[in-house]
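Colleague: Here's the letter readout for the chains.
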Amino acid sequence: MNLVLLLSPILIPVVGALVLMLLDAFQKEEGGLAMPTALIHFTAAAMALALWKHGLPADVSALHGYLTIDKVSLFLDATIALGGAIASLLAGGYLAEHKLDRGEYYPLITFSTAGAMMLVSASDVLMLFLGLETMSLGVYAMTGFRRGSPRSAEAAMKYFLLGSFAAALLLFGSALLYVLTGHTDYAGIASALHDAAAQTAADATAAAQQTTRARVGIFAMLLVLVSMAFKVGAVPFHMWTPDAYEGAPTSSMAYMSVVVKAAAFGAFARIMLAIFGDANSAGAAAGWPAALAWIAVATMTVGNLIALAQTSVKRMLAYSSIAHAGYLLLGLVAAPREEGGTTAYAAMLFYLLSYTVSNLGAVGALILAGRRGAESVSHDDLAGYARRHPAAGFALTLFLLSLTGIPPTVGFFSKFYVVRSALDAGFTTLAIIAMINSAISAYYYLGVLVKMYMRDPAPGAPLASPMRSGYVTAALIVSAFFVVWMGVMPERWLDLAREAVSPAAANAAAPTADNAGGSAPAAQH
Amino acid sequence: MILSLGHYLVLSTVIFSIGAAGFLARRNALIALMSIELMLNAVNLMLVAANRWQPLVQGEGGATTAPAPHGHVFVFFVIAVAAAEAAVGLAIVLSYYRLRKTVRTDAADMLRG
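Here the protein sequences line up with chains W and B, keeping their order.
Mapping of the first sequence onto the numbering used here: position 525 corresponds to residue 525, and the numbering continues sequentially without gaps.
Mapping of the second sequence onto the numbering used here: position 111 corresponds to residue 1111, and the numbering continues sequentially without gaps.
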């Protein structure tokens, strides 16, 4: 029972998805599953919060090190569930408006959420792989959900091929780590790598063998790093991102851009910090933050510069999501460098929650602006939109300001915290590049506002007008509520993120790690 | 000649590299799918070989038992996931073929910029 309670944030979406499939099979007409899906997600979020509030049970050894349920994973579970709930509300409005409302969309989104939650809790390479595939398979299908559209099919094919390739790289890296250490759990791999690096070689053969093993360890680390960089959409592994986001139905894009990103960053941070975070772990493999810093610079700069040139708002948001992945990487780069790694890690968690609500709001406001047959996705479509429809225009304005990082919205504070943590960790140049990039990004976000408020549509051009949907309105209200609430009281939310990563919270996870590190070697040597 | 773990590791690395090279070089979506399957199966070979060569566990009174089957179990999961992945992948390629009458990835150029 204890175990069921502990796993309930993951189990609720799994059971919920099965119920949704039954509901879909037995209901007479299509549609109407958005509200149950949102409720399942909200319940999972509530369960994660309840576990957080009442404290985790001390004995989590039943998980055998496969999953780590700590406050970090609960924080991310709640973020993912909130993102999934808002995305399913958006789907309820979008799919109905564009005559795509087939019931299988909702079980897919719910299974993906379960996979995403597995991913952020995974502390074993097997669970990492399973969570990644559970999440990705659902998202591939959601990308290609508009079956009659060649663009949607093309987006799904590109995303599927590159995503599976990345998963195969991750698997090869995991297999190499297993060959080296005989363990699949993070704690066991980390301690075995540490012991191997600390050993003094007896003779020349042993020394050569040790060097080879260290090189294989670095290669395995690179494979894991590259495959996770693929999943978060970091340059130079970002090629799939704009295509998949643009071709996918907009509600799928909303889900992909926040939930997949949050889950991939959670898993990325956990595996890098758990296995390679220790400076002695695998010799030169501990140099990954420096490599990741270059990736972060490239990701921010390339994402922002290409976003400047876009004429489609949807594709611009795709490149902006690449740029945001760059800012998020700052937190991950800084985390191993500082004492305990708490502030940077907390800043990253805060950023993930902030980006979830801001980006869902922005994509939701874009969904609101597109009626059937007239999905307004280009900047020109939106000319004069805010003057004709002040409320809908204001919604898009609010979320774009949050993405830009203008106070009092939450976007300002999330950027401020990651840049500050990079400065504290001694990455001054990186922090300056991030600030310059933030200034560049203001140009294209504010360009949309200029179009909406100050330009008149070209004569004879189609006029964008908002669709009517209670689902989308509800989703926007929830997102706006969080954007403003977190923007007014950022310290309170940052404290929650700090509490999640603080060593006191890690104590709850310690039995898992001890169990994995303690019992597994005894069983194998 | 006695086969050692090293032989298996080299073989699986070679198979994995063939798969990766095929994925990167060929422009046919079905061949890309086959290359991914090849990569996954190379990993399977590496996992079972590594598990087979795990040291025996010394138990009470000098009795030895087989090592924990983590690698073998991993392989079962990989096989199941590969099947699910192939199902979704073939469905996606099929729906693309229906609309475009080709499975060449270099013809997939509607989304760009």
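Keep in mind the hints are simulated off the structure, nothing from the lab.
Honestly, I wouldn't trust all of these hints.
Pairwise CB distance ranges (calculated) [what the hints assert, rightly or not]:
(1) W:495 / B:1057: 43 to 53 Å
(2) W:495 / B:1061: 22 to 32 Å
(3) B:1030 / W:239: 12 to 22 Å
(4) B:1087 / W:439: 16 to 26 Å
(5) W:470 / B:1084: 33 to 43 Å
Computed from a predicted model, the values in this text were never measured in an experiment.
We put the CB at the ideal spot given by N, CA and C, even for glycine.
Colleague: Next step is simple, just say for each hint if it's right about the structure.
Modeller: Comparing the hints with the structure gives:
Between residue 495 of chain W and residue 1057 of chain B the CB atoms are about 46 Å apart, so this pair conforms to the stated range of 43 to 53 Å. Checked against the hint of 22 to 32 Å, the pair residue 495 of chain W and residue 1061 of chain B fails, with Cβ atoms roughly 55 Å apart. The supplied range of 12 to 22 Å is met by residue 1030 of chain B and residue 239 of chain W, whose beta-carbon atoms lie about 21 Å from each other. A hinted range of 16 to 26 Å is violated for the C-beta pair residue 1087 of chain B and residue 439 of chain W, which are about 47 Å apart.
Distance hint check: the CB atoms of residue 470 of chain W and residue 1084 of chain B are about 35 Å apart, consistent with the given range 33 to 43 Å.
Figure legend: structure checked against the earlier numbered hints; hints not met, in rising order: 2 and 4.
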